[in-house]
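Protein sequence lines, in the order shown, are assigned to chains A and B.
Counted from 1, the first sequence has number 130 at position 130 by this note's numbering; the numbering is strictly sequential.
Counted from 1, the second sequence has number 1392 at position 392 by this note's numbering; the numbering is strictly sequential.
Keep in mind the hints are simulated off the structure, nothing from the lab.
We put the CB at the ideal spot given by N, CA and C, even for glycine.
Among the hints, a few may not be true.
Stated by the list, open to error - Subject to a maximum C-alpha distance of 30 Å in a straight line, what follows is the list of computed DSSO-like cross-link-like pairs (lysine-lysine):
no.	chain 1	residue 1	chain 2	residue 2
1	A	107	A	175
2	A	85	B	1018
3	A	87	B	1013
4	A	102	B	1006
5	A	85	A	103
To be verified - Beta-carbon label-pair distances, calculated as ranges:
no.	chain 1	residue 1	chain 2	residue 2	range
6	B	1337	A	103	47 to 57 Å
7	B	1237	A	24	46 to 56 Å
8	A	132	B	1302	12 to 22 Å
9	A	22	B	1302	34 to 44 Å
10	A	11	B	1402	15 to 25 Å
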Amino acid sequence: MKLEIKNIHKSFSGKKILHDVSFTVTTGKAMGFLGRNGAGKTTTIRALMDVFKADEGHFLIDGKPFDPRKFNIGYLPEERGMYAKEKILNQLVYFAELRGIKKAQAKASAEYWLKRFELDYAKNHKLETLSKGNQQKVQIAQSLIGDPDILIFDEPFSGLDPVNSQVLKDVIREKIEEGKLVIFSSHQMTYVEEFCDEITLIEQGRIILTGNLDKIKNDIGKSKIRLKSANFQNGELKEKIQHFTDFLDISEDKKSLIIHLPESNNLNNFLNQCLKAGIEIEMISPYRPSLTDIFIQKVGEEHA
Amino acid sequence: MHNISKVFMFELKSILSKKSLIITTAIISVILIIVTTIPTIISLFDNGDNTPVPTDKISMMGSGIVILNNAVSIEELNLFFVDVEIFDSESDVRKALTNEKINQAFIITSPTSLNTIVINRELYSNASYPLQNALRQLQIRRNLVEMNLDPNQVNLAYNVNISINEEVIGKDASDSFLIAYVLMFAVYMLVIMYGAMVSTSVAREKDNRTMELLITSTKPDALIIGKVFANGLAGVLQFGFISIVAILGIFVNRANYPSEILSMVLGGLRWDSMMVFLIFTFFGYLLYLFIYASLGSLVSKMEDVSSSVAPITLLFIASYVIATLGLQMPEIMIVKIGSYIPFTAILAMPVRYFLTSVSWIELVISLMLMTFTAWLFARISIDIYRLGSLNYGNKLSFVKALQLIREDKRK
Chain A
1 MKLEIKNIHK
11 SFSGKKILHD
21 VSFTVTTGKA
31 MGFLGRNGAG
41 KTTTIRALMD
51 VFKADEGHFL
61 IDGKPFDPRK
71 FNIGYLPEER
81 GMYAKEKILN
91 QLVYFAELRG
101 IKKAQAKASA
111 EYWLKRFELD
121 YAKNHKLETL
131 SKGNQQKVQI
141 AQSLIGDPDI
151 LIFDEPFSGL
161 DPVNSQVLKD
171 VIREKIEEGK
181 LVIFSSHQMT
191 YVEEFCDEIT
201 LIEQGRIILT
211 GNLDKIKNDI
221 GKSKIRLKSA
231 NFQNGELKEK
241 IQHFTDFLDI
251 SEDKKSLIIH
261 LPESNNLNNF
271 LNQCLKAGIE
281 IEMISPYRPS
291 LTDIFIQKVG
301 EEHA
Chain B
1001 MHNISKVFMF
1011 ELKSILSKKS
1021 LIITTAIISV
1031 ILIIVTTIPT
1041 IISLFDNGDN
1051 TPVPTDKISM
1061 MGSGIVILNN
1071 AVSIEELNLF
1081 FVDVEIFDSE
1091 SDVRKALTNE
1101 KINQAFIITS
1111 PTSLNTIVIN
1121 RELYSNASYP
1131 LQNALRQLQI
1141 RRNLVEMNLD
1151 PNQVNLAYNV
1161 NISINEEVIG
1171 KDASDSFLIA
1181 YVLMFAVYML
1191 VIMYGAMVST
1201 SVAREKDNRT
1211 MELLITSTKP
1221 DALIIGKVFA
1231 NGLAGVLQFG
1241 FISIVAILGI
1251 FVNRANYPSE
1261 ILSMVLGGLR
1271 WDSMMVFLIF
1281 TFFGYLLYLF
1291 IYASLGSLVS
1301 KMEDVSSSVA
1311 PITLLFIASY
1321 VIATLGLQMP
1331 EIMIVKIGSY
1341 IPFTAILAMP
1351 VRYFLTSVSW
1361 IELVISLMLM
1371 TFTAWLFARI
1381 SIDIYRLGSL
1391 NYGNKLSFVK
1401 ALQLIREDKR
1411 K
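Go ahead and model the full structure; you've got the sequences and the hints to work with.
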């Protein structure tokens, strides 16, 4: 399956929220939809889920118009909510039935996921009797009932403790391996980086980057190296390197200096210059940016 | 359609399993059983030993009388009253009043004058009237004797009864008044209670953020129709159960009911009146439930529900006032107009039909207007419900919501 989000525009009360949003998600590859708070992630997902209509643009599945109610979709909205005073199993079955899943299958599936999340003891309890974290797990179970072909999680990790985050990560990995189409939005980069094959960055309603995460990292890290000296602190090292005329772009993070080598100056030439300058090299390696680095860089470029 | 039944069943089970509903129904039913059994309870304690009070004499129990200047004799008072308690002096009777041994005191100062003393005077109290009347009769009798006329013959001459034979071609309002009032009040309670329940139920789904999950799982039509019909049926079941308890209570105890009360209860029960009542109640109830549902969609917080539904509640109270006027004066213009306006016809038309003659053309026109309005508000409430799922935060006004829907449909 291939889901295409094509040229989506959306305004509310005259204010444009989404500007020509386009990206593609394919089966078996997790898509991380990233952006800051208010960037337009939830609006895009709500338009995709037909909570409201987009002003312009199309959602296509395998080239045909996408109607979310015709597919078995597991959806975890950002605005979490279920019936506080209803028994957990009853409402899980009810939500699944509304999605077109047969009652018996819905019940069996609900019981499976409750057991998997160690909540089977509470299936006949009212939702309000559970802790916030456990209520969150019930919400996630809701989205997984009936083995959906498409999974859409809006900020799935918010509110989860590290243990439950790990449980969810395992489930998402499992679903990706099963060949499901998985989209999830987040502003927590570390979670996304762990298992996303594809990423899409959105900022102020505009897509600023989309594609394969490895390729993006390679492209952004191309011609950049990390350098750490045994006899100079980063500040002193930066001072020394700045005198090498051709090295134009130097930045640093907690680990080391990050140096952009122009094509005119190869690595060997750079190393020779370092040795001549009396720099004792403790570490040198190709630079692979983290998702956070990519995000900060791209958002910075967008605002420049 | 499939999902309407799913939503309907889920909501219905949820409402019917509420402890508050079960307890309220049980309490009302017990009260009704007790109330309808009162005549039987009274008959159990009535051992037949009580000496009946003569029907032409009035009991003066709780009253004290002082006769000054031999204005009248005790024998004369006994012609009109029983249980007469005579005190020797005004001070004695005041003392008895102060000690609350009696409620009121009468001091007869002359054959044609009396003073009345009471502890507290009630708004419509006319305690001295029977004694005043008795003194007047005694004085007339004395006057007649002085004129050498026989008081008994004069009395006979005055005793003329005119017999009236009234034929009612249409409906007798006195037959149907009680049943019309009871049914009108039941519908009033039904709409107020279950209207509030629907709007609260919708607002709660926004408040606890369940709405987004629902609206992405099925169409808003299914959600709102299922919810309205489930709440509607729950109301009918609760009121139906209570009505059955009341009817059974009356039926079981009917032997101990005075015949005039039975005829007041059963006199107005005709199948055509009941059909008109049920049809107008059905569509009017639906109309109000859909309006309440749409108003519930306009708010995001539970605490805003009451202010959101206040206008429609006021409109319904106005409808109740018009129908109450109709019970007294079913032919007045405001009641006639009210029986055509869909928001007021729910109560006004059945009341008119119970009490007067209403042509079938009038019924059909009123019903068509009501069903069309119910359908229109069902559509509007579905659109508002869908629109409402996007609006978390400030309360939307009904007019603003309609504008947004129109803009959305233009796209």
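The hints, checked one at a time:
| no. | hint | result |
| --- | --- | --- |
| 1 | A:107 to A:175 | 20 Å, holds |
| 2 | A:85 to B:1018 | 10 Å, holds |
| 3 | A:87 to B:1013 | 12 Å, holds |
| 4 | A:102 to B:1006 | 11 Å, holds |
| 5 | A:85 to A:103 | 21 Å, holds |
| 6 | B:1337 to A:103: 47 to 57 Å | 51 Å, holds |
| 7 | B:1237 to A:24: 46 to 56 Å | 52 Å, holds |
| 8 | A:132 to B:1302: 12 to 22 Å | 20 Å, holds |
| 9 | A:22 to B:1302: 34 to 44 Å | 40 Å, holds |
| 10 | A:11 to B:1402: 15 to 25 Å | 19 Å, holds |
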